[in-house]
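Taken in sequence, the protein lines are chains A and B. The end of the first sequence is residue 285 by the working numbering, with every number in the run present. The end of the second sequence is residue 1216 by the working numbering, with every number in the run present.
The hints are simulated quantities; they were obtained by calculation from the structure and are not laboratory data. Backbone N, C-alpha and C define an ideal beta-carbon position, used for all residues, glycine too. Treat the hints with care, since some could be wrong.
What the hints assert, rightly or not - Ranges between beta-carbon positions, derived for each pair: (1) E1023(B) / K284(A): 38 to 46 Å; (2) R33(A) / Q1008(B): 33 to 41 Å; (3) D1184(B) / V254(A): 18 to 26 Å; (4) S1019(B) / Q237(A): 40 to 48 Å; (5) R82(A) / D1188(B): 46 to 54 Å; (6) S1033(B) / Q237(A): 52 to 60 Å.
Stated by the list, open to error - Partial chain B-side listing against chain A, Cβ under 7 Å, derived: (7) E1021; (8) V1022; (9) M1161; (10) N1171; (11) V1172; (12) Y1175; (13) D1178; (14) D1189; (15) G1190; (16) E1191; (17) E1198; (18) M1209.
Here is what each chain is made of, one letter per residue.
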Amino acid sequence: MGTMQRAVRAGLIFLFLVCVAIAAIAETKKEYRFTVGPKASISVLNQYGPITAKPSAGSQVVVTAILRSDKVEVDHDQSGNRIGIKSHLLAGANAENGRVDYEVLIPADASITMHSLTGPLRAEKLGGDVTLEGAGALVDVREISNVHVHVKTMNGPVKLTNIQQGHVEISSVSGDVTLSSVSGPLVQVSSTSGKIHYDGDFGSGGEYSLISHTGDIDATIPTDASVDVTARSIRGQVENDFPFQPKKHTTFPVVAGSSFAGTIGKAASSVVLRTFSGKIRLKKR
Amino acid sequence: MTCAEFQQELPDVLEGVSSAEVEAHLSSCTLCSELVSDLKAISEQASELRASEEPDPRVWQNIETVLRQEGLIRGPQSERLFLVTPSRRRWGPASWLVPPAAAILVGFVVFLNRPVFNPVVQKPTQPTQVAVSTPPNATAATNSEDDQQVLSEVEKRAPLMKSVYEDDLKNVNSYIRDAQNSVDQNPDDGEARQYLLEAYEQKAMLYDMALDGSLP
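Given only the sequences and the hints, what does the whole structure look like? Please build it.
Given below as structure tokens:
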């Protein structure tokens, strides 16, 4: 009986190892290297699967692609300083076997555009402009300064962390948007039904616009923040933890409980918080 | 110069003719500068359409007719409003989706160019009697037929995403309706107009993503 059990167990282990081996064989890892000059432009289009962009040392672009099956290929081309990487789905490809996992290392000053239907899309510590588009893709951008960050998603959530002096434009139809320590000359978030969370100090001299149709907007800022703020919810409510100097003139009628407009501190940055039927909260950290 | 005055000059601006006053307004008004850049972008993208994949010529003629009726373009009848070159690679077989996307922007421009309610003649006690009627073109912007075309294209290319698109289109259309009602009720409310612009931009983005190459 014991011998029988051992045989069955050994058979199962063998089958498991065979499965692992088959999966490993089906999965292919490829690496592409490109040498570029200053201010290179890289574009990565991946229908299914993640793309992660990080800085590289020197002037090389290194693309590592893990292909889940032979139903997908990687097309690549270079024209001078412009590099295009694209997943090429073959007949019979689907979200599983058409998936490619990309990791892209780019020079510090290079700009990158990333598209993926499913994502996630991640970018960190880059020194060039970043554009990310993904219908359902989670977008995570962090530790970037003095660049343009453009994000578009449908229902994919967007998270930006430690973005300083950025030109940030985010548009998401139903994905929630979370901004932590994000400041810049320009920060714009537009959403239809997604919630918007801001946790930071609104910098010192920028234009901030957080707009959602039905989503709630929460902004948490320190007591020493310096902002000129207008908040308005046409059908919802507004809450404000801060004492502020009311504005004498506004472009809309100020109605207690659903809108307010005033300055906090020296009003260094302009902040617009708008929602149609969501709730707006301006909270002290 | 006010936004309404600027919009009267919009046809000239789109043709590359502008005065110092117009330039000054453009540099100071985000709403108008974004509108102009959106229109130029859609025009540029349309110019990349490949002739072999372009939609029925009647579609372009209809758009041109509407633009002429609204005084947004002048001059002799062109062979085609948007030039078509054989270099469109990105949109592939989804090129027919461009006209609905263009129609959204055209509808919005027409809406912005409608006769602006003059507050001087308004009776403050009867604001509902002077409600601005919505032009048919603006209503067409939320045309469910266009939405159905987008959805069927998404279903073909990425079936798993169809329900997401469906929900998002519903939400965006609701956004447009709310914003439009708000502008109708308060034509001089700059914030309300900004809402409407944002709503149309969200819908344009949805259409753009349906056209985008990231769909399989």
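Quick rundown of the hints versus the structure:
no.	hint	in the structure
1	E1023(B) / K284(A): 38 to 46 Å	43 Å, holds
2	R33(A) / Q1008(B): 33 to 41 Å	56 Å, violated
3	D1184(B) / V254(A): 18 to 26 Å	21 Å, holds
4	S1019(B) / Q237(A): 40 to 48 Å	45 Å, holds
5	R82(A) / D1188(B): 46 to 54 Å	47 Å, holds
6	S1033(B) / Q237(A): 52 to 60 Å	32 Å, violated
7	E1021	22 Å, violated
8	V1022	22 Å, violated
9	M1161	6 Å, holds
10	N1171	5 Å, holds
11	V1172	5 Å, holds
12	Y1175	4 Å, holds
13	D1178	5 Å, holds
14	D1189	6 Å, holds
15	G1190	4 Å, holds
16	E1191	5 Å, holds
17	E1198	5 Å, holds
18	M1209	6 Å, holds
Hints 2, 6, 7 and 8 from the earlier list are contradicted by this structure; the remaining hints agree with it.
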